[in-house]
Structures are given as structure tokens and as C-alpha cells.
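Asks: Read off the chains here:
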Amino acid sequence: EACKLNSQEVVEEDKRLKLPPNWEAKKARLEWELKVQEKKKECAARGEDYERVKLLEISAEDAERWERKKKKKNPDLGFSDYAAAQLRQYQRLTRQIKPDLEQYEKLKEQYGEALYPTSDSLLHGTHVPSKEGVDRMVADLEKQIEKREKYSRRRPYNDDADIDYINERNAKFNQKAERFYGKYTAEIKQNLERGTAV
Amino acid sequence: RGVASARHVDKMASTAAGKQRIPKVAKVKNKAPAEVQITAEQLLREAKERELELLPPPPQQKITDVEELNDYKLRKRKTFEDNIRKNRTVISNWIKYAQWEESLKEIQRARSIYERALDVDYRNVTLWLKYAEMEMKNRQVNHARNIWDRAITTLPRVNQFWYKYTYMEEMLGNVAGSRQVFERWMEWQPEEQAWHSYINFELRYKEVDRARSIYERYILLTPLVIVHPEVKNWIKYARFEEKHSYCAHARRVYERAVEFFGEEHMDEHLYVAFAKFEENQKEFERVRVIYKYALDRIPKQDAQNLFKNYTIFEKKFGDRRGIEDIIVSKRRFQYEEEVKANPHNYDAWFDYLRLVESDADAETVREVYERAIANVPPIQEKRHWKRYIYLWINYALYEELEAKARRQNSGERTRQVYQACLELLPHKKFTFAKMWLLYAQFEIRQKNLPLARRAL
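As you go down the protein sequences, you meet chains A and B in turn. For what it's worth, the working numbering labels the leading residue of the first sequence as 130, then goes sequentially. For what it's worth, the working numbering labels the leading residue of the second sequence as 251, then goes sequentially.
It should be emphasised that the hints constitute simulated quantities derived from the structure, not laboratory data. Ideal placement from N, C-alpha and C gives every residue a C-beta, glycine not left out. Where hints are given, some of them may not hold.
If you want a taste of the chain B side facing chain A, the calculated C-beta under 8 Å gives, among others [stated by the list, open to error]:
1. E303
2. M386
3. N409
4. Y413
5. R434
6. Q443
7. Y455
8. D459
The list that follows gives simulated cross-link-like pairs (lysine-lysine, DSSO-like), each with its CA atoms no further than 30 Å apart [to be verified]:
9. K301/A with K298/B
10. K298/B with K260/A
11. K279/A with K380/B
Between beta-carbon pairs, the in silico distance windows are [as the list claims (entries may be wrong)]:
12. E291/B with R308/A: 28 to 34 Å
13. R308/A with V370/B: 26 to 32 Å
14. E261/A with T339/B: 40 to 46 Å
15. E291/B with S281/A: 43 to 49 Å
16. A157/A with E437/B: 21 to 27 Å
17. E271/A with N450/B: 22 to 28 Å
18. S259/A with E331/B: 48 to 54 Å
19. Q225/A with E441/B: 20 to 26 Å
20. R308/A with N555/B: 37 to 43 Å
21. G512/B with A157/A: 51 to 57 Å
22. A154/A with Y543/B: 45 to 51 Å
23. V257/A with V370/B: 31 to 37 Å
24. K318/A with E331/B: 42 to 48 Å
Next comes chain A alone, as it looks inside the complex (with noise of 0.2 Å):
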């Protein structure tokens, strides 16, 4: 009797191993996408909007950690100069520090007060890098020399476009004059076309 529920058991418990990691995620989101079509149809049948009875439905906290957990997006909003493209390399890089805090702590303790300097203290030019220290801010250097050079792509060669330059350089300095000009010319360049304004 023992025997035959204990071998049950054993059965049962092999097959759920042998299942796979997500299974009970799985199941859970499948019922829950079954549940939100249930509610669709009930609302179409009743003439209602789903979105809105779902507005309605959340709690004004919920909404509000909802909003927070969204992760923060951060676009590249083109070129505007210098200065601001370094800034978010620097902040992209900052993000990435994984600082070493034992290491700190027994800096903490070798420097004791002297860890925190003032502007004019004398701890300037006496700090000797370590070797690991150096290769870690090489290699970092390397990783920011490599995206730099991904920062301009070639632009494929356009056999059948019209040509307007007698030359390589020409032909870049045209480019470039379309950039900063093409939006306001394209009436005047139409127009020559056709040989008549319109």
C-alpha cells in the first residue's frame, strides 16, 4: 500500500524535474491571458470599453509604482556639441563603474584622514598606481577608442544618383551643403528643373 503511493510519488516528482524552468510562469501567464480575454469579451457584450474599465480598475498607487519601475530611457538626441556628447559618455561610463569597496576600505585604512584631501593639500603627485591599476584604466581607454571609431558609418555609393561635382572633394562639399541647405532649396531646385517657376 505504502509501497504503491511512494513509487506514485516517485513518478510524480520525476515528471515535474523533468519539466521545464519556467513552467510555473508559464501556466501563470497563460491563465492570466486567458482571464483578459474572458473580460474582453464580457465588456464588448456589455458595450464598454475594456481600456477603460482597466483604468479604472488600478489604484492610484499601483499607477504610481507602475510609472517609477518603467525604466528610464535615454536617446541619443543628435549632436548638439562637444561638451554635451562628452558629458553622456562620461555619465554612460560613470554607470558602469563597478567600484572595488573592500579595496576602499583598505585605503580607508592606510590613508585614515588624508582620504578625504582638500584642494590644496599635499597628497598631489604622490600616489604611485599599481599595476592592475593602470591596465584597468588602459583597457577602459581601449573600450572608449573602439566605440569611437563605430561613431561614423560608410555611406554606400550611389551609382545612378545624379552627379553635380567634378571631383572627390567636390562632391563631399556638395554633400555636405545639401545637408545644411537641402530643406531650404528644394523649391528653387525644382524649379530650375523643370526651367520655370511655378
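Fit chain B to the known structure of chain A by using the hints.
Replies: Relative to the frame of chain A, chain B by itself:
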């Protein structure tokens, strides 16, 4: 001038001579344009296809021994120096030269090139950056520190130098040095972002006390003329305290901020932030007090945000009365604005009146009605008056119904309203039959039949 004319005369002479010898070729009989004209595009295409400036690439040379290497170096150096001699101020010539030397690991030469370039233009930011980067890449830490020190001394307002210097020191593990550079920077009182980067640096090493002291220095710093950024700084400070769960400190900061700004420079953001903080601390009474205080003192135009947040707060925690109060006062304010803007905008008046009726007491309602009626339409046209008449009608009805509910003898008042209205209407131009009818009906309701008959 003389030379040009002499040349012209010569040419004339030669062509004259030419003409004499080959007369027929020179004479142009048909001066009309040819049928097939050449276009500008054609010219450009032909010019490009000629490829006059396209030189074949120099033959690939493999350098086999020291002699050839030295030769190569000599040639390259000569071209670079020539370019520099052609144009000293174009910094890219210098930078390309120095980068090439660096690629050959000739660090001393590269250094001398950079120094010469700095003699030409020490104010160029890229030059300093490239120089320091070269030293750093070749592990020359003290040289790099030297360069950074010179850069921040000669160009202290260029923030890139400071950022990169402190970053380098941090990467080297020299936290004390980094701190010292930050301190030197703060003496120049840079922009807010610089202060924030210092504070974040301290927080990275979990030095909350130092961060606090930096905040203290910094909030007092930005001058009083620019009020907005300052408020932001105080708020940031308080939020920082909150984040590290120093709630008493945070409260103290907010209180200081309120005192510091006093009554002249009030800013709604501060109060909103303060209220949010108290909300998080679950001190609802304080929140209400803060909001009321702020609303009383800040002129209504600036207080939009405040209103919004107060409403949300009341919805979350307050009771029904509180919510209604605040909503009503907000809407009332809105309508005040609207009617002030356009006294003849009767729709606005109607909405306002409806709101007021549902909420306030008789006196205020009457007041509003009086004001509404006072805005007589300017033109004697029925169209305009139609809306206006409705105002009157509503007023009369209100008096009748509302006042009756309070068991007052409002019959008199209503009659007065009707009579005033009828007087006002310029009956010669047009009549509002409705008015008369309503009056009559009212009188009937008041069981005053003779008056009714007379009216009709």
C-alpha cells in the same frame, strides 16, 4: 590696364592677320543657337569622368630593413612637416602627424609635436584631449597627470578636462587624488551637473556624509537671481536624504527651504515635492496643511500643478467633502478666468452658474447672476439677446425654485426679476414672447391672476 589693352591690340592684330589669310573660317553667318545644346549636367559628367585629379595609388612597398624603414619615416615626416608649414593653424595636420608618430611608438617625438601644436593654439580642446589620451594609452601615468593639470589650469572652464581627469584618477584607483581634483573644480563653482557628478562619485563609494556636506555647499551657492534652478537643487537634496532614509533630515531640509524662500519667491514645485514626501511618510495632516498654505499664498496662475496634485492626494486619502471642495474651487477659478476674458461668452457663464448653483449658497449665486446680467450684449440684435435672455430666465427660475425650497417669501424677488428683465428688453426692436409667457405663468403660480392678465 595698359598691359591688358596692349594684349588685346596684339590679339586683334593677329586675328586680323589670320582673317586675312583664312577669311572664310572666321566669319559667322548664322547667329541662331544650335539645335542640340550642351547642358550643365553633361559638362559636369564629362569633367568627372575625365578624373584628372585621380592619381593611381603609389606602388605597395614592403619595408625589408632598417634603411628602408628610416627612408619611409623620413618621407612621411617630410610630408607632415610640409603640411604644417603650409598651414600651421589647421590642427588636424598636427594631430595626424602626432598620431602617426604614436603608431610608431615614437612617444618622445609625438610629445614634441603636441607641444609645438600647443604653442600654436593652446585653447584648442581636442589638442589637449588627444595629447592626454596618447600619454594614457602608452601607460605614462605621471606624464598624463601633468598634461591634465596643465589643461585644467590653463582652461578651467572647459568641463571635459575635469571630467576626464577625475575619471582617470578613479580608474587608477586613486580615490583621494580624484577627490582632490573634484575639490579644485568645485572652487571654480561650475554648473550644476558638475556638482552632481561629484555627489554621485561620493555615493559610488557610499560616503553619504560627504555627499551631504557637498549638497550643503551647493544649495547655498547658486545666486538668488535664478530662482528655479535653486528650487530644483533643494528638492534634489531632500530627495537624496529621503532615498537614504534620513527622513528627519529630509524634513529639516524642506523646512529650511520653505524658510529660505520666504513668501516672495514661492515656488509650487517645492511645495509639491514637500507634500509628496509627507505623503510617503504617511503624515496626511501635514500634507493638507502644506497644500492649504501653498494655495493661499501662491497666485492662482502658477498653482496649476499644485491643484492637480492636491486633487490626486484628496482622492487617495481625503473624504468626499474635501474632494468636492477642492474640485469646486478649482473649477470656480477656471470659470473666473474664462468670464473675465470674455464677458459676452454666455456659454461660460452658463456653465459657471450651473456649477455655483449646485454647490454654493443663495447669496453667492445671486451675486454671480447679477454679474452675468450686467454684461448686456452690445448690439441690439435678437441673436445676441437670445442667449442673454436665457440668463434672465435661469435667474428667475432659480429664484423661484431655490428660494421656495428655503421657505422664504421669494415671490417679491422673482417678480422684481421679471419686471427688471422686461424693462430691459427694447420692445420696440423685438420682443421675446417667451418672456411674457413665463412671467404670466409665474404670476399664475403665485395665484396672482390680475397681474397675469395685465401682463398678457
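Asks: Taking the hints in turn, state whether each one holds.
Replies: Status of each hint after checking the structure:
no.	hint	in the structure
1	E303	6 Å, holds
2	M386	5 Å, holds
3	N409	6 Å, holds
4	Y413	5 Å, holds
5	R434	4 Å, holds
6	Q443	7 Å, holds
7	Y455	6 Å, holds
8	D459	10 Å, violated
9	K301/A with K298/B	14 Å, holds
10	K298/B with K260/A	56 Å, violated
11	K279/A with K380/B	18 Å, holds
12	E291/B with R308/A: 28 to 34 Å	21 Å, violated
13	R308/A with V370/B: 26 to 32 Å	30 Å, holds
14	E261/A with T339/B: 40 to 46 Å	42 Å, holds
15	E291/B with S281/A: 43 to 49 Å	30 Å, violated
16	A157/A with E437/B: 21 to 27 Å	57 Å, violated
17	E271/A with N450/B: 22 to 28 Å	24 Å, holds
18	S259/A with E331/B: 48 to 54 Å	40 Å, violated
19	Q225/A with E441/B: 20 to 26 Å	23 Å, holds
20	R308/A with N555/B: 37 to 43 Å	41 Å, holds
21	G512/B with A157/A: 51 to 57 Å	55 Å, holds
22	A154/A with Y543/B: 45 to 51 Å	49 Å, holds
23	V257/A with V370/B: 31 to 37 Å	34 Å, holds
24	K318/A with E331/B: 42 to 48 Å	44 Å, holds
Checked against the numbered hints given earlier, the structure breaks hints 8, 10, 12, 15, 16, 18 and satisfies all the rest.
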